[in-house]
Amino acid sequence: MRKAALFFILILATVLRLYHLAEFPAGLNADEAALGYNAYSLLLTGKDEHGHHWPVNLESFGDFKPAGYAYLLIPFIKIFGLTEFAVRLPSAIFGIIGVLFIYLLSREIYKGEVLGFLAALFLAISPWHLHFSRGAWEVNVSTTLILIGIWAFTKWLKTQKFLFLGTCILGFVSSMYFYQSARVIAPLLGLGLAILYSKELFKHPKQIVINFLLLLLLLLPIARATITTDSASRLSGVGLLADEGPLTRVKEFRGHHTSVPFVSELLHNRPVIYSIQFLKNYFDHFGGNFLFVNGDIIERNRVPETGLLYLTDFIFLALGVIFLFKIHSQSAGSARISNFKLVWLWLFIAPIASALTFQTPHALRAQNIVVPTTIIISAGVHFLISKSKILLLLLFTIYSWQFARYLHQYYIHYPQTYPSAWEYGFKELVAYTKSVQNRYEKILVTDKYDQPYILFLFYSKYPPQQFQGHHVLSLRDKFNFSTVRDYGKYHFESTPWEKVRDIHSSLIVAAPEDIPEAGVNIVKTINFPNGKPAFKIVSN
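Just so we're aligned, residue 737 is where the sequence shown starts under my numbering, counting upward by one.
Don't take every hint at face value.
To be verified - In silico BS3-like links for lysine-lysine, alpha-carbon gap of 30 Å or less: (1) Lys847 - Lys739; (2) Lys935 - Lys891; (3) Lys1163 - Lys1268; (4) Lys783 - Lys814.
Said to hold, decoys possible - Simulated DEER-style distance windows between Cβ atoms: (5) Trp1233 - Gly1205: 29 to 39 Å; (6) Val1029 - Ser1171: 39 to 49 Å; (7) Gly1023 - Leu953: 34 to 44 Å; (8) Gly1023 - Gln1152: 19 to 29 Å; (9) Leu952 - Phe1014: 23 to 33 Å; (10) Gly1224 - Arg990: 46 to 56 Å; (11) Gly1224 - Phe743: 44 to 54 Å; (12) Asn1263 - Lys987: 45 to 55 Å; (13) Trp1080 - Glu1234: 52 to 62 Å; (14) Lys1235 - Pro1040: 29 to 39 Å.
It is worth saying that the hints were derived from the structure and are not from the lab. Please read these numbers as outputs of a predicted model, since none were measured by experiment. Think of the CB as a built atom: it goes at the ideal place given N, C-alpha and C, for glycine as much as any other residue.
Work the whole structure out from these sequences, hints included.
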């Protein structure tokens, strides 16, 4: 019966993550295309799109980010080709693995199977976890690897076997090869575990020494890549210190003082104001609107009118906290629950990396919050149904309705409400321009939608050998990003009609607002799923 229940939950998680994976989300965003094309380039040439041999940090749009997902993609692209399905499949698989390991972790923490089954079920249907399992999100792989590391540590606490401590180290460090935020979260979690369980660890000095050497060995490529590449460029673009708003407030507050400048400088300065901003950013991630009502403000990271957790989860989150504190205070509590402080540690650390940026709250960078919150919510549900089995039917009805509504919002309204968030229309656009490109000397493409060049490379399967070394990155913008303006006969830039109308023997792909309603030869219009035009294509 237990195996059957777990099997059902894993089948549910699999269906939810693989159903129409290539079509939903509708479109393919530039980051997904970059991961796919770079994996394709590595597969064919051993170099990324910019000609770097087997990099640890992948250069993408002038930004350097962990290359782990691109390497993970190589066998999938080899088997399935350079397609949306191949690019998204690894994330979906790791999402399914995450459901399995939250069950295993919860079972280690709480004696008995019920909490494990509940945690697995709630993660399987979690809007937050499901959303980031269905796109090529490196963060989803990273979160699962951290989860595996935490589970392995609980197994080590029980058995003291070297294998489990080594698996913990491997899980934590591997996560750092997939996503930038993990390079903050994983070390902090490792440090926290070392402090919390120092007595247990120091009983095994040989294991500590060997695993510390393993840790240094695994971190060497990251350390070398950090020194030899501009991998800090992302932080300088989106990091907390890149936001000059707090400094403006410092100047304003100092201006309010008419005397005693020493006091003004002591109270209003850079360390104080950025510390306050960090704390605000941190606690933003526990806001009710963010978690339960509307989610992230970034369209790519949200489903319309839906929180990252279900609306009623706030009740069970509160119940879970009460239940866990209550059980710890009981004399028999230690016999029923063990090492739950791991979950509190994770919950405390989870938002820190995101809080170090100025775009908060951020569902993507803080995605690992979903694991500890799911376990606590499951503990709250477990506490409630242990008091009254009659409530099971009510809970089933409430969550079935919320889950059905989420799926409705995701598959029906999401692609129509935020169509440009996923660069919808580029697949059709690239197929069309490729079919007529021999008729024109130049093809001008609007850059309104993120990074169009990488989507053209992806969908046209442009030979990496012809792209490497034959393109130039533009100067960085205010967010420290660069782009490619030209390759072959393609040019990517804004295309208002007054700017491009005198460029003859050209095909012009423009945003609809850039083309007049009359007097131009529109040969094709590509629409979003909601029927509104995405591109107007003019033969000039």
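Hints, verified against the model:
1. Proximity of Lys847 to Lys739 is assessed by CA-CA distance (about 17 Å); at most 30 Å being required, the pair is judged to hold.
2. A threshold of 30 Å between alpha carbons decides the hint, and for Lys935 with Lys891 the separation of about 16 Å falls inside it, so the pair holds.
3. With a CA separation close to 17 Å, the supplied pair Lys1163 and Lys1268 stays within the 30 Å bound.
4. With a C-alpha separation of about 16 Å, the suggested pair Lys783 and Lys814 falls inside the 30 Å cut-off, and the hint holds.
5. Checking the proposed 29 to 39 Å range against Trp1233 and Gly1205 shows it holds: the Cβ atoms sit about 34 Å from each other.
6. Between Val1029 and Ser1171 the C-beta distance comes to about 45 Å, which sits within the given range of 39 to 49 Å.
7. Our hint of 34 to 44 Å for Gly1023 and Leu953 holds, since their Cβ atoms are close to 41 Å apart.
8. Take Gly1023 and Gln1152: their Cβ atoms lie about 27 Å apart, and the range 19 to 29 Å holds.
9. A hinted range of 23 to 33 Å holds for the C-beta pair Leu952 and Phe1014, which are about 29 Å apart.
10. Separated by about 55 Å at the C-beta atoms, Gly1224 and Arg990 satisfy the suggested range of 46 to 56 Å.
11. Between Gly1224 and Phe743 the C-beta distance comes to about 51 Å, which sits within the given range of 44 to 54 Å.
12. Restraint check, Asn1263 to Lys987: a C-beta distance of roughly 48 Å satisfies the suggested window 45 to 55 Å.
13. Range check, Trp1080 to Glu1234: Cβ separation about 60 Å, and the 52 to 62 Å hint holds.
14. Between Lys1235 and Pro1040 the beta carbons are some 34 Å apart, a value that agrees with the proposed interval 29 to 39 Å.
Going down the numbered hints, you'll see the structure goes against none, and every one checks out.
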